[in-house]
Amino acid sequence: MDVATDRPAYLAEHFTDAEQQQESAKLGMWVFLLTEILLFGGLFCAYAIYRAWYPEMFHNAHKHLDVVLGSINTVVLILSSVTVALAIHAIQHNKRKQTILFLTITLLFAATFLVIKYFEYSHKIHLGMLPGKFYTYTGIEGTNPHIFFTVYFTMTGLHGLHVLAGMIVIGWILIRTIKGHFHSEYYTPVENAGLYWHLVDLIWIYLFPLLYLVG
Amino acid sequence: MNIIPEKNYLTYPKGLKSWLFTLDHKRIGLMYLFAIMFFFLVGGIFALMIRLELFHPGQDFVSADTYNQLFTLHGAIMIFLFIIPSIPASLGNLILPLMLGAKDVAFPRLNLASWYIYVFGAMFAVYSMIAGAADTGWTFYTPYSIETNTAVISLTTGAFILGFSSIFTGLNFLVTIHKLRAPGMTWFKMPLFVWGLYATSIIQVVATPVLGITLLLLILERVAGIGIFNPALGGDPVLFQHFFWFYSHPAVYIMILPGMAIISELISVHSHKKIFGYKVIAYSSLAIAFISFLVWGHHMFVSGQSELAGMIFSFLTFFVGVPSGIKVFNWVATLYKGAVRFTTPMLYTFAFLILFTIGGLTGIFLGALSVDIHLHDTYFVVAHFHYTMMGGTVIAFFAGLHHWWPKIWGRMYNERIAKITAVLVFIGFNLTFIPQFIMGSHGMPRRYFDYLPQYQGMHELSTYGAYLLGTAFVIMAIYLIHSIFKGKPAGNNPWGGLTLEWQTTSPPDPHNFHEVPVWTHGPYDFDTIKVEPDLEKELETA
Numbered sequence: 001m002d003v004a005t006d007r008p009a010y011l012a013e014h015f016t017d018a019e020q021q022q023e024s025a026k027l028g029m030w031v032f033l034l035t036e037i038l039l040f041g042g043l044f045c046a047y048a049i050y051r052a053w054y055p056e057m058f059h060n061a062h063k064h065l066d067v068v069l070g071s072i073n074t075v076v077l078i079l080s081s082v083t084v085a086l087a088i089h090a091i092q093h094n095k096r097k098q099t100i101l102f103l104t105i106t107l108l109f110a111a112t113f114l115v116i117k118y119f120e121y122s123h124k125i126h127l128g129m130l131p132g133k134f135y136t137y138t139g140i141e142g143t144n145p146h147i148f149f150t151v152y153f154t155m156t157g158l159h160g161l162h163v164l165a166g167m168i169v170i171g172w173i174l175i176r177t178i179k180g181h182f183h184s185e186y187y188t189p190v191e192n193a194g195l196y197w198h199l200v201d202l203i204w205i206y207l208f209p210l211l212y213l214v215g
Numbered sequence: 001m002n003i004i005p006e007k008n009y010l011t012y013p014k015g016l017k018s019w020l021f022t023l024d025h026k027r028i029g030l031m032y033l034f035a036i037m038f039f040f041l042v043g044g045i046f047a048l049m050i051r052l053e054l055f056h057p058g059q060d061f062v063s064a065d066t067y068n069q070l071f072t073l074h075g076a077i078m079i080f081l082f083i084i085p086s087i088p089a090s091l092g093n094l095i096l097p098l099m100l101g102a103k104d105v106a107f108p109r110l111n112l113a114s115w116y117i118y119v120f121g122a123m124f125a126v127y128s129m130i131a132g133a134a135d136t137g138w139t140f141y142t143p144y145s146i147e148t149n150t151a152v153i154s155l156t157t158g159a160f161i162l163g164f165s166s167i168f169t170g171l172n173f174l175v176t177i178h179k180l181r182a183p184g185m186t187w188f189k190m191p192l193f194v195w196g197l198y199a200t201s202i203i204q205v206v207a208t209p210v211l212g213i214t215l216l217l218l219i220l221e222r223v224a225g226i227g228i229f230n231p232a233l234g235g236d237p238v239l240f241q242h243f244f245w246f247y248s249h250p251a252v253y254i255m256i257l258p259g260m261a262i263i264s265e266l267i268s269v270h271s272h273k274k275i276f277g278y279k280v281i282a283y284s285s286l287a288i289a290f291i292s293f294l295v296w297g298h299h300m301f302v303s304g305q306s307e308l309a310g311m312i313f314s315f316l317t318f319f320v321g322v323p324s325g326i327k328v329f330n331w332v333a334t335l336y337k338g339a340v341r342f343t344t345p346m347l348y349t350f351a352f353l354i355l356f357t358i359g360g361l362t363g364i365f366l367g368a369l370s371v372d373i374h375l376h377d378t379y380f381v382v383a384h385f386h387y388t389m390m391g392g393t394v395i396a397f398f399a400g401l402h403h404w405w406p407k408i409w410g411r412m413y414n415e416r417i418a419k420i421t422a423v424l425v426f427i428g429f430n431l432t433f434i435p436q437f438i439m440g441s442h443g444m445p446r447r448y449f450d451y452l453p454q455y456q457g458m459h460e461l462s463t464y465g466a467y468l469l470g471t472a473f474v475i476m477a478i479y480l481i482h483s484i485f486k487g488k489p490a491g492n493n494p495w496g497g498l499t500l501e502w503q504t505t506s507p508p509d510p511h512n513f514h515e516v517p518v519w520t521h522g523p524y525d526f527d528t529i530k531v532e533p534d535l536e537k538e539l540e541t542a
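If you're matching them up, the sequences are chains A and B in order.
Start counting the first sequence at 1; every next residue gets the next number (our numbering).
Start counting the second sequence at 1; every next residue gets the next number (our numbering).
Chain A extracted, bound-state conformation:
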């Protein structure tokens, strides 16, 4: 069998050309994002049901979330989406140093988000605003206020894990960029990591008003 000599190193053996490889990777990523939306879909559904069951309690309980910290985190994540988009743009034009810079900034934003989340969480835990049977706080009127915190902690917790996963992915992409794996001909992994990060951002865009801005 003759081995085509013009095959670039990044092109896997089972693909006929780079275009096929790129399209496959992108389609795969979009399908994966769909599964993520359905994973969160269950939680959004639970949110809708319990908010319909306990509307007053939800209204009373949401006041105990810190809107200022929530808003800062929203801005932080939106900015991180901008920087990751800039990183993709830079690698498309072979500007490797810029890509490294923007990916690093994205990582810093992500870390900021998690640090702020940490302070929010520890404040809630300190006051006993915990999910389910661990709920000990007494200052919220309405039926079953612990359900609000169940919803709050599972939704933001799962989202937080996704932020962490995103940081690992972006960190890995950053290392590969430093090693020079990507250039204007081949940058699909950077693009896919960016897509994933946009989804993580997008989910927060929904979580923020649903949890912090009930009414």
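Keep in mind the hints are simulated off the structure, nothing from the lab.
Positions of the beta carbon are idealized from the N, C-alpha and C atoms, including for glycine.
It is possible that some hints are incorrect.
To be verified - What follows is a list of derived Cβ distance ranges for each label pair:
hint, chain 1, residue 1, chain 2, residue 2, range
1, B, 149, A, 118, 55 to 61 Å
2, B, 66, A, 104, 57 to 63 Å
3, A, 116, B, 307, 25 to 31 Å
4, A, 138, B, 306, 34 to 40 Å
5, A, 96, B, 525, 48 to 54 Å
6, B, 416, A, 19, 48 to 54 Å
7, B, 60, A, 141, 55 to 61 Å
8, A, 184, B, 306, 56 to 62 Å
9, A, 176, B, 319, 47 to 53 Å
What the hints assert, rightly or not - In silico lysine-lysine, DSS-like type, Cα no more than 30 Å apart, as pairs:
hint, chain 1, residue 1, chain 2, residue 2
10, A, 26, B, 279
11, B, 189, A, 26
12, A, 117, A, 133
13, A, 26, A, 179
To be verified - Where chain A lies over chain B, by a calculated footprint (3+ residues, C-beta under 8 Å):
hint, region
14, 57 to 66
15, 167 to 175
16, 178 to 186
17, 200 to 209
18, 527 to 534
Position chain B against the provided structure of chain A, taking the given hints into account.
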């Protein structure tokens, strides 16, 4: 004389390491095949233990608690570790890329990862068996699954992990079908096996994450008492049922669609006639995939769902029967005036047609609101889903296994013994489950350890059937394994099929094809292309 190529995917490269780190879809498919057959054996042994206990009323073999654990493990293992991965992950992995004329699936590493994730998830399930197996039934209904002291967490964690392996297989197939088809293979020139797996993959990708979040919440409920499904904490146990069935009803189509896909393929090849209504069969797979998401409420007719919701779900359940019916009519019409060969795969195909039709029609009984009130949670339901899942999917799986076995190993099993076994399977299956239909309609509840003496005759028949079925499977295992070593070389195209997997060697080359194949005809153009099956050529020369 047929010969087996020296260099094929089984022999090259050599060594255990080359298997454990293989990216070859055929080897991964084979590894899946061994893994799922192992769990089919385990789940089958549990089934035989259940049937043994039910032979007589009262306790005579295991305690009531052990019985609850047995049927839970039988269900959970058969569903999560056997049927769901069975056809897509084993035969799908082995055959799909060959059919498409591709060198591999789109993401070979993800494919290998999915196998390891499967094994990892299976380890949790096995651990659960040792550490005081769960006794909730495979459905894990709350609030009981929150309260029981048995190993619910390890079993649900296992199912959660297995979900990832299922999603990865589905995702891989979707992208492979979209992007890796041979030149000339347009959407409506694809083999119907591919169409079936495409519809299956859609459900796997869309439904499985919902099971993931449901099981995650159940685990959190047990570990941290979050109260979301716990009525004592203001949560809603019925919400669990909604979430669970939002996955698990489409999941039965994850199980049956690949079975239908195999039948569409086999019925045309073994009657050497162009498939009747190609496009309709293809579209009906997609229709089933779509409607399957809208019928979960028919599992909850007696869970306090509103009457209106019940009516809508009942109607939609009737509606999902339509595309399945269309398929059955098309298959039967394909046989008409075909040159039907009574080969082993074809015998299983006939068994499928009969058993699946019974299973499907009894599903319509259960989808009717008032009838369901009477039959809910009786053996009628047990018989119905065994007719679809086992009489449908498992029989189709064995049809496919016998059909592609000579391609996979390059060798042929003993057809005479195989045909006798197929008949034994058919008899054993009906003997097991027809009595269950009858006693179910007389009110024998499912999942009960003890029963009134009036049901004893039926239970005895059912147990005899189960042991006959078990014996037939042991015979099948023996002649199949024997054929791997001693079978006659089967030739590249033993049945005279037109799809691309028959154009390469048996077993295939590590790279599938020596040259990129070009697809110039339809998959079932038996009206214009004459192919003589290698097995029949062999007979003539002998």
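Structure-based check of each hint:
Separation of residue 149(B) from residue 118(A) is about 35 Å and departs from the stated range, judged on CB atoms against 55 to 61 Å. About 58 Å separates the C-beta atoms of residue 66(B) and residue 104(A), a value consistent with the hinted range of 57 to 63 Å. At roughly 48 Å, the beta carbons of residue 116(A) and residue 307(B) sit outside the given window of 25 to 31 Å. For residue 138(A) and residue 306(B), the hinted distance range of 34 to 40 Å is satisfied, since their beta carbons lie about 36 Å from each other.
The given range of 48 to 54 Å is respected by residue 96(A) and residue 525(B), whose C-beta atoms sit roughly 53 Å from each other. Distance hint for residue 416(B) and residue 19(A): a CB-CB separation of about 52 Å, consistent with the stated range 48 to 54 Å. Take residue 60(B) and residue 141(A): their Cβ atoms lie about 58 Å apart, and the range 55 to 61 Å holds. Taking the beta carbon of each, residue 184(A) and residue 306(B) are about 58 Å apart, inside 56 to 62 Å as hinted.
Restraint check, residue 176(A) to residue 319(B): a C-beta distance of roughly 50 Å satisfies the suggested window 47 to 53 Å. Proposed proximity of residue 26(A) and residue 279(B) is supported: the alpha carbons are some 29 Å apart, at most 30 Å. Taking the CA atoms of residue 189(B) and residue 26(A), the gap is about 25 Å. The hint holds against a cut of 30 Å. For a cut-off of 30 Å, the pair hint linking residue 117(A) to residue 133(A) stands: about 22 Å separates their Cα positions.
About 23 Å separates the Cα atoms of residue 26(A) and residue 179(A), which keeps this hinted pair within 30 Å; it holds. Here the region 57 to 66 of chain B counts 0 residues with a CB under 8 Å from a CB of chain A, which misses the bar of 3, and the coverage is violated. Check result for the region 167 to 175 of chain B against chain A: holds, 5 residues qualifying (beta carbon to beta carbon below 8 Å, three or more required). Judged by the Cβ-Cβ criterion of 8 Å, the region 178 to 186 of chain B is covered by chain A as claimed, because 3 of its residues qualify and three suffice.
Counting residues of the region 200 to 209 of chain B whose C-beta sits closer than 8 Å to any C-beta of chain A gives 5, which meets the bar of three, so the coverage hint holds. Against chain A, the region 527 to 534 of chain B contributes 0 residues with a C-beta closer than 8 Å to a partner C-beta. That does not satisfy the three-residue criterion, and the hint is violated.
Comparing the model with each numbered hint stated earlier shows that hints 1, 3, 14, 18 do not hold.
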